[in-house]
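Novice: Those protein sequences? They're chains X and E, same order as listed.
Numbering of the first sequence is given in this note's numbering, commencing with residue 1 and proceeding in unit increments.
Numbering of the second sequence is given in this note's numbering, commencing with residue 1001 and proceeding in unit increments.
Be careful, since some hints might not be right.
What the hints assert, rightly or not - One-sided and incomplete, this derived list gives chain X residues near chain E with beta-carbon spacing under 8 Å: (1) Ser37; (2) Ala38; (3) Thr41; (4) Val42; (5) Ser163; (6) Gln181; (7) Thr244; (8) Gly409; (9) Gln412; (10) Arg416; (11) Ser417; (12) Glu437; (13) Gly454.
What the hints assert, rightly or not - Just so you have them, the derived chain E footprint on chain X, three or more residues with Cβ under 8 Å: (14) 201–210; (15) 257–265.
Stated by the list, open to error - Just a sample of chain X residues kept apart from chain E, beta carbon distances all over 12 Å, derived: (16) Leu88; (17) Glu134; (18) Ala245; (19) Gln250; (20) Glu337; (21) Pro371; (22) Asp452; (23) Lys469.
Please keep in mind that the hints were generated in silico from the structure rather than gathered at the bench.
Everything numeric in this text was worked out from a predicted model, so none of it was measured.
Glycine residues also receive a C-beta, built at the ideal position from the N, C-alpha and C atoms.
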Amino acid sequence: MHRRNFLKGVAAGSAAALFSPRLSLAAESRVLKFVPSADVTVVDPVWTTAYVTRNHGYMVFDTLYGYDDNFQIRPQMVAGHEIGKDGLEWRLTLRDGLKFHDGEPVLARDVVASIRRWADRDVFGKDLMAATDELSAASDKVVVFRLKRPFALLPAALGKMTSRMPCIMPERLAMTPPSEQVTEVIGSGPFRFVADERVQGALTVYEKFQDYVPREGSAVGRTGGPKIANVDRVEWHVMPDAATASGALQAGEVDWVESPLPDLLPLLRSQDGIEVKLLDTSGTIGSMRLNHLHPPFDNPAIRRAVLSVIDQKNFMQAVAGEDPSMWRAGVGVFTPESPMASDAGMDILNGPRDFEAGKAAIAEAGYNGEPVVLLAASDYAALRAEAEVGADTLNRLGLNVDYQSLDWGTIQQRRRSREPLDKGGWSCLYTGINGLEAWDPSSHQNSRGLGDAGQYGWPVSDELEAARKAWLEAPDLAGQKAACERIQLGVFDVVPYIPLGLHYAPAAFRSTVSNIPYGFAQFYGVTKSA
Amino acid sequence: MLRYMLRRILATIPVMVVVAIFVFSLLYFAPGDPAAIIAGDQATAEDIALIRESLGLDRPFLVRFGEWSWNILNGDLGTSIFTGLPITHLIAQRIEPTLSLTILTLVFAILVAVPLGVLAAWKAGTWIDSAVMIFAVLGFSVPIFVVGYILAWLMALQLGWLPVQGYRSIGDGLWPWFRSLILPSISLGCVYIALIARITRSTVVEVLRQDYIRTARAKGLAQMPTLFIHGLRNAAVPIVTVIGIGFAMLISGTVVTESVFALPGLGRLTIDAILHRDYPVIQALVLIFSFAYVLVNLAVDLAYTLFDPRIRY
């Protein structure tokens, strides 16, 4: 190569290097890089109750109704509804211009098939279908529910934000049996799932759906309102290591970390260009689940004695640290600030903790030193912390605690065992209830009393089930509140689980990102500047 | 030689069969239920039972093992329980980062460790020898993730020279690819450097005491040819053996390194599959890693003939 040619090449290269940053900055501002708290291993929001799949679902799919920031239900895919025949017929009319990502229009028959599939698995959906005589498509745009009895919560069920999202998908996909996963992701939401670029466990990519027609009105609340995609592409980068995710945020390699480790929050708060903000104000309620099948927790008096000494503050400090803005104590069955939260029976959690009285109550209840097999999740910091405080509390109460540290996958299997303790059974374990799940009784599994047909722990309570039914059938808010007070009193009497307080998980994001909606991670309305 | 290679490759078959039976049995009896994990925390017992049934997880051990073995014999590694995607697809997506990391670490480690070991042997008993051995002990003792965090903090967050995490494909350009692997390779390479440097030192020290080295020196041969041509070549067989044995260490090291630096490789796929109890993926990966280990050790055996002409197969 001649010297002159070489110099020309260098000059050309330098020019390219000088000009390319402007172009790449502009392009970068249209790509939002997000670090979720877990990978989207399952892409079908009906097949799993995993929260990350619900979040993915709200990217890709749309729902008939949605919630605003005040937790009021709003029409989303429907233009509106008419209620007739003494509240026994609901006619839902779809908005104009709704399209699936494969270009096909959204029709009423797609809605009917989707709702049927969802309702086959979802608890609230089952309640709705139990009250429904016939669900049909009256035309391409009109869906009709003919009910056996009035069901005022119909829009709430069809717009529920908890897991098992009532997503609308094409009929051909919605005909898949609910026990099988739909792996082709075709929704009608504001973002399109880019299947070709998905790397399981590492990367999930969404692109703006150009044909999405947002509904009219003010800015999006949680899941209701005009869902406008302001970025062209959203990339979910899975980072198994929390320190790496924080480092990537500090270095500007990613824009938004869904839930950084609480220990790293002070560091992130101190960084220029990074904001730490509580987006999901509903938080997570710690839950100590008790197994009602075997001694000692088959004895309600012993369960109530444990409840009487639980100090929520201790649990929450172990989970979320000393900063009181990161947790709440005095938390009952329903999420604080929700319309269903009340003070009914709360003295048992808020009164002075008296271990001597607790010990006396346990002795009086006939405790004979039976072991308490406590399952502790070693791989989830919050659950491990709750288990450690729980073990200490039970020890102080004089119970014979057998602390077993296991990975969460093993606990998920083990907790299904109904066997006695010496054959792989268990006595208590710790888990979390998302604040939205505890918003009202619709998805609140821990407060059920279904026995064998219910969740692990298998508590039996006709009163809890009757109170839930009363909530479903209540004609107004006052009636719903009264039913929820009954549920809370029932929980403190039967003790299917013990609420351990509520903790928050703030998000951290670059200052270039703004307009993030409140609630779980959602991306409509979000803007990113260069 | 060809017959030997063929014989060795055929000998891997019973090894792989034993590995397959062992892994399948171990996973079958291990605690954990993928159906419960898929269904999620709010699922009911009925949900979990339905998923178990739809995935065929409720079938007897022998039926599942027979079906899996038959598929393997037909070149079908199966599909992921969670994603429903073919495992070959998942592995194809992940193999480039892992291969890149492994090869780069290997090259980097050999290029650093062998000269270091020779230097320590040449200067045996001096402060240079001590310094190299202290480095080796440190490299062996400090966990990979600690080295990784320190490097990321210094080189990426403080100096801003390299990325904290992520992988760039070689298709994106040689420099971005190399840049994304510098920190992971150094982190992973530290243990390997320590291992190879120590064995190189001790073997070369031994060789340098041999009569023929003294003769070479007496004839006036320069220091470098004496060390690297006569000394190192004759010390090569144990060094190559350690490199081969250390390959298993490299594989396990990729699991940690890929997690710390968020590289989408086979190591992370393995961890995810284990945490999710995605049995077909775990089984396929263990088989592949075992096969790679056997092949690397075959390559090591063949390399002996290059360094020691007395060895013939």
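Novice: Compare the structure with each hint and give your call.
Specialist: We went through each hint and held it up to the structure:
no., hint, in the structure
1, Ser37, "violated, 14 Å"
2, Ala38, "violated, 10 Å"
3, Thr41, "holds, 4 Å"
4, Val42, "holds, 6 Å"
5, Ser163, "holds, 6 Å"
6, Gln181, "holds, 6 Å"
7, Thr244, "holds, 5 Å"
8, Gly409, "holds, 4 Å"
9, Gln412, "holds, 4 Å"
10, Arg416, "holds, 6 Å"
11, Ser417, "violated, 10 Å"
12, Glu437, "holds, 7 Å"
13, Gly454, "holds, 7 Å"
14, 201–210, "holds (count 3)"
15, 257–265, "violated (count 0)"
16, Leu88, "holds, 29 Å"
17, Glu134, "holds, 25 Å"
18, Ala245, "violated, 8 Å"
19, Gln250, "violated, 6 Å"
20, Glu337, "holds, 21 Å"
21, Pro371, "holds, 19 Å"
22, Asp452, "violated, 8 Å"
23, Lys469, "holds, 18 Å"
Violated hints, in rising order: 1, 2, 11, 15, 18, 19, 22; the structure is consistent with all others.
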